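Join the two chains, each given in its own frame, into one complex according to the hints.
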Amino acid sequence: MEFQIYRFNPDIDQEPYIQSFTVEVERGMMLRDVLLEIKRRDESFAFRHSCGEGVCGSDGVNVNGKNQLACITPVADYTDDPVVIRPLPGRPVIRDLVVDMSDFYHQYHAVDPWLKRKDPVPEQENLQTPEQRARLDGLWECILCGCCSTSCPSFWWNPQKFLGPQALLSSWRFLADSRDQAEDERLNDLDGPYKVFRCHTIMNCVDACPKHLNPTRAIGHIRNLMLKKSV
Amino acid sequence: MSRHLSGFRAWMWQRASAIYLAGFLVYTLGYLIVAPPLDHQALKSWLGGSGMWLATALFFLALLLHAWIGVRDVILDYIGPAGLRLGILAAVFLFLLVCGLWVLSILMGVL
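As given, the protein sequences belong to chains V and X, one line each in that order.
Heads up, the first sequence is in our numbering, so the first residue is 5 and it goes up one at a time.
Heads up, the second sequence is in our numbering, so the first residue is 61 and it goes up one at a time.
Calculated directly from the structure, the hints in this document are not laboratory data.
Keep in mind the model is a prediction, meaning the values are calculated, not measured.
One or more of the hints may lead you astray.
Label pairs and their calculated CB-CB ranges [as the list claims (entries may be wrong)]:
#, chain 1, residue 1, chain 2, residue 2, range
1, V, A114, X, L157, 35 to 41 Å
2, X, M168, V, K215, 56 to 62 Å
3, V, Q23, X, F155, 47 to 53 Å
4, X, A78, V, K232, 15 to 21 Å
5, V, Y109, X, A150, 35 to 41 Å
6, V, E19, X, I148, 27 to 33 Å
7, X, I79, V, A114, 28 to 34 Å
8, V, Y21, X, I148, 35 to 41 Å
9, V, R137, X, Y91, 48 to 54 Å
Glycine included, each C-beta is placed from N, C-alpha and C at the ideal position.
The shape of chain X in the complex, shown without the other chains (with noise of 0.2 Å):
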């Protein structure tokens, strides 16, 4: 089996990363339906705590896995010239490597 990211392992952290995604949407919405904060206050003491916190941070480094390893595969299909794919790659990275930090820039806030 390969030790980098790709073949047998992406696919697998892939199915892993939808089903915590899965789970963490029922979740969330589930208890925003049911107990919805009141307030901003409410609502950031309730991200800030420790354990949703965790799972919130989580949940955004799967859906940044989930969405690298499903956008590499749509450009692995469809763009063929190694040069080109490289760049449209490198553009994806980027993308996400920002929405990560701009995501983490704003849980650090809620701590």
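For reference, chain V alone in the conformation it holds in the complex (with noise of 0.2 Å):
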């Protein structure tokens, strides 16, 4: 089967270009293995991996046109030559199909992803009921791997004042949070014309996201909890 790879070295080429690999395709093979395989092939080509089943979210790559994470996608989807493997995009590529997420990351540290309390914390658990715990489900099993984000054109045109769609699914994980005691602070630093409301409900984000989690649901939740604080 013919892969097409974007190749693209700072250091040696003038401009990026695809180079077509073809590997033979065994049955149960993911697209990470493709990419091992070419980087068994030529050392110079550069990806991003790591644990190989979808938990660490390093290998996002842009399969035909859609975000993926190479490790959890059977080669056996894919019945039509070529498979064109991009990079994310909308980031500056390092090298090949590595990216910089530093405005991804940015973007998700500014939201504060961690519980803040007021009341001191308790001597031992700090218990919720079945329903809110239930209410974080489709929002706590986000990876970072940037699939998301990487796929929302808002993001693609303000990545330094949009957060994005991971950033603000792990806002709402916080604001949905039964145990956080920092609602309003969160509300108060969401608002404003670029952090919330770049977002055009254009739902990319929703189709790219490999763990099939809903950031555009978790933004409107977003939106409505704004709503229900200033009436």
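Right, here's the structure in full:
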């Protein structure tokens, strides 16, 4: 099967180019296995990967125009030659499929993704009811692979100002948490023309998320909470 | 929450104005289909009635507000350089202001 891979080494290349590789596909093969095979043939080829089972979120790539985690994407999903693999879009390319995710991590950090308490921390457990805990489902599973934010046109245009779907999903994860006590502070931090309201409900994030999470819904919850607080 | 027309407030006003625009259009189109004014005088007196005049004025106010927030959003998305952005925003604002004054002069003529 033919794979067309985006190549760019800023130390050598004037501009990026596409290189074709033909890889014999075996049953059960994932795209990460294909990338490893290409790496075996050409050691100068660079891509990120680690756990190989969709947990670390390292190997987000753009396959035939859609962001995917290479390690959990079966090659059998693609029946037509060639399969085009590019780096995650909108991010500066460091080399080949490796991109600079600094803006993405900066936005994640900006939403204070940790529990904030005003009351003293309980001596033992901080109990939740099953219903309170259930509100976090579909939120805590995010692995920060960046497939959502790098597929979002609003994040492409304003990566330093718009939080992006991943950070907003994380923000709602803490707003929705019964143990968190910084709701007003968090909502105040989210206001302004850029942080939340660059989202135009394009929903590329929902389409791209390899964990089948729904950042658009989380952003809707944030807006509804703002509305509730303002009346 | 912000006190200016940005962020949450802009988003809320855009939606509120959209609801009013949709409601007004449905009512007006429905009225024009069911009981269309038969001549210019009838149309003028329908629009000149105090309730309808106020509703129409509010419609254009909501339309201008909705357009301003929407176009400003597009400019915020796509126009990066501050000078260029300010220039385009000013041009859009002036255009909407002229439209508003034009509508106002028409509405005053109906009274």
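Verification of the hints:
1. V:A114 <-> X:L157: 35 to 41 Å: Since the Cβ atoms of V:A114 and X:L157 sit about 36 Å apart, the hinted range of 35 to 41 Å holds.
2. X:M168 <-> V:K215: 56 to 62 Å: 59 Å, holds
3. V:Q23 <-> X:F155: 47 to 53 Å: For X:F155 against V:Q23, whose Cβ atoms are near 50 Å apart, the range 47 to 53 Å holds.
4. X:A78 <-> V:K232: 15 to 21 Å: 19 Å, holds
5. V:Y109 <-> X:A150: 35 to 41 Å: Once the Cβ atoms are compared, 36 Å apart, the range 35 to 41 Å for X:A150 and V:Y109 holds.
6. V:E19 <-> X:I148: 27 to 33 Å: Holds - the Cβ-Cβ distance for V:E19 and X:I148, about 32 Å, lies within 27 to 33 Å.
7. X:I79 <-> V:A114: 28 to 34 Å: Between X:I79 and V:A114, where Cβ atoms are some 32 Å apart, the hint holds.
8. V:Y21 <-> X:I148: 35 to 41 Å: 36 Å, holds
9. V:R137 <-> X:Y91: 48 to 54 Å: Given a distance of about 53 Å, which is inside 48 to 54 Å, the answer is holds.
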